[in-house]
Amino acid sequence: MPRERGIAIGAAMKARVFITLKPGVLDPQGKAIHHALEGLGFSGVNDVRAGKLIELDLADGTKDSDIEDMCRKLLANTVIENFRIERSADA
Amino acid sequence: MKTAVIVFPGSNCDRDLAVALEQVTGRAPAMVWHQESELPDGTGFIGLPGGFSYGDYLRSGAMAARSPIIRAVVDAANRGVPVLGVCNGFQVLTEAGLLPGALMRNAGLNFVSRPVPLIVENSQSIFTCGYQAGETIRIPVAHHDGNFQADAATLDRLEDRGRVALRYADEVNGSARRIAGILNDAGNVLGLMPHPERAIEPAHGSTDGRRLFEGLLEAVA
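Top line first, the protein sequences correspond to chains W and G.
For the first sequence, my numbering assigns the number -19 to the initial residue and increments by one for each residue that follows.
For the second sequence, my numbering assigns the number 1436 to the initial residue and increments by one for each residue that follows.
Okay, chain G solo, but in the shape it has when bound (with noise of 0.2 Å):
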């Protein structure tokens, strides 16, 4: 499968997720700055990273989301290429339109950084068919705006579809209904807030990170 990263001002765990997806794919993603407007050709995955892309100003993920190459990620998003946001790319995607929702500063108003469980609550889309449902995963979270907010209906909506991917097991940042990440509609986006491509090795404590790009790699092959 052929990847990439995208890769703006302030990125900084683009280079995790390349690594990640390396181990995995047995393939070095491309790394495309954000001034690019077209992804390489046969790109089979694109993933957004996390970090401070032009430094959270205005809102997290405003001005990446009106970066050149955005408007080719939404094009291969429409046509099905998955694409997933992790973290600050979960900002940029509900920024982009992709996702519905906002992801505002922690309840809490503290940068959270720690491991959390997650509960699986899908395990039907490309991105999780690597875990049980319901059943509880260990991934980090590193964020300081993850509390994740939309009106009641679009909760419903999300909920009703299937479209909550992971739940927090336990209070984190004041995420409404606890969602920690959450697919689009036709299921080949997922934005989330916890950091799978922090948990690929026994070093890092969990490898339960690992079995989302495995399973994804599985499923779209």
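Isolated chain W (complex conformation) (with noise of 0.2 Å):
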């Protein structure tokens, strides 16, 4: 399928965001999994939270700022949830 002129050049843009629950909100799932690992014998864990991690492929030229507005208004919560991007170049 014929891509449109300017969009097929150079390599995929590709972004991670993570999203994590902000300090201080209580975690019923990260608390689970946490009581798990000590079943399965781990002994060593103090916590765990559990996040979510969203992987967005963007056209070309796509601003950090367009991922920032993306983040606060559907990906991420911040009522109760910080988010963190990381851009990589390829796939």
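A couple of the hints might just be wrong.
Said to hold, decoys possible - Derived list of chain G stretches under chain W, where covered just means 3 residues or more per stretch with a C-beta under 8 Å from a C-beta of chain W: (1) 1486 to 1500; (2) 1527 to 1537; (3) 1541 to 1554; (4) 1578 to 1592.
Simulated from the structure, these hints should not be mistaken for lab results.
Fair warning: this is a prediction, and the values are worked out from it, not measured in the lab.
Built from N, CA and C at the ideal position, the CB exists for glycine as well.
Starting from the two chains in their separate frames, assemble the complex, guided by the hints.
Right, dumping it as structure tokens:
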């Protein structure tokens, strides 16, 4: 399928968005994972926090501010979550 | 009163809410699909039903809160139209920014589905004027993500301004201060995890939910 001119050139832009619960926000899932690890005999775990990783495949030229906008408007709920964006040029 | 129930893909209490509204108001609500961008003219009440809109993907209520109809719901709420969000509807209201806080996974990780005793904290709102302050009522809950959380300052503000409408009498899901339902500052938006539309007829085991709709009808008539 022919791509539109100007979009296919260059490496695909990828971004990874890490979404984590803010410190102090109760994480029942992290707690359950912690208990399960202890049940398996892993004794050295002090705490477990569960989060999300969202991978974005982006058009060239997508600005950091656009990705931040995506995070604030949908990907993270900033009432309870923090986000961190990691960009890379390869797949 | 002309009422509307918003229907999202994955809503499953929309018809229960419609039946409750029709029984109490004598008029069937307009069922409004989430892709619509306008509410019917003269809509005097909007209900956001329970269910699993968009399969609870990303976060419960997150997708639904960004659907086209929500812009119209927010506009209507800002004009003072009463808006009730039940269960997933409550989650949508917080995600849409009409109510503060967030609804997280139940502290015990279990899906909780049973009738629960609730204490009416504020009987002055249009939604709770059918109850006495301090009264204990029984309404079913059915949720996995009902654990209401907000920062301490927000919780204090909710308490101080009488915006905690309902509180669980017993521990149910880990909610901060056992909060079951909250009002917005203007008092025309209520979000609650319990399902009043499932306590309408004696056959439901309780008619305490009916009094919410009857009180509302009387308050806005």
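Going down the list of hints, with the structure as the test:
Taking a C-beta to C-beta cut-off of 8 Å, the stretch 1486 to 1500 of chain G contributes 3 residues in contact with chain W, enough for the three needed, and the coverage statement holds. Counting residues of the stretch 1527 to 1537 of chain G whose CB lies closer than 8 Å to any CB of chain W gives 5, so the stated coverage by that chain holds, three being the minimum. For the stretch 1541 to 1554 of chain G, the proposed coverage by chain W is satisfied: 4 residues have a C-beta within less than 8 Å of a C-beta in that chain, meeting the threshold of three. Taking a C-beta to C-beta cut-off of 8 Å, the stretch 1578 to 1592 of chain G contributes 3 residues in contact with chain W, enough for the three needed, and the coverage statement holds.
Going down the numbered hints, you'll see the structure goes against none, and every one checks out.
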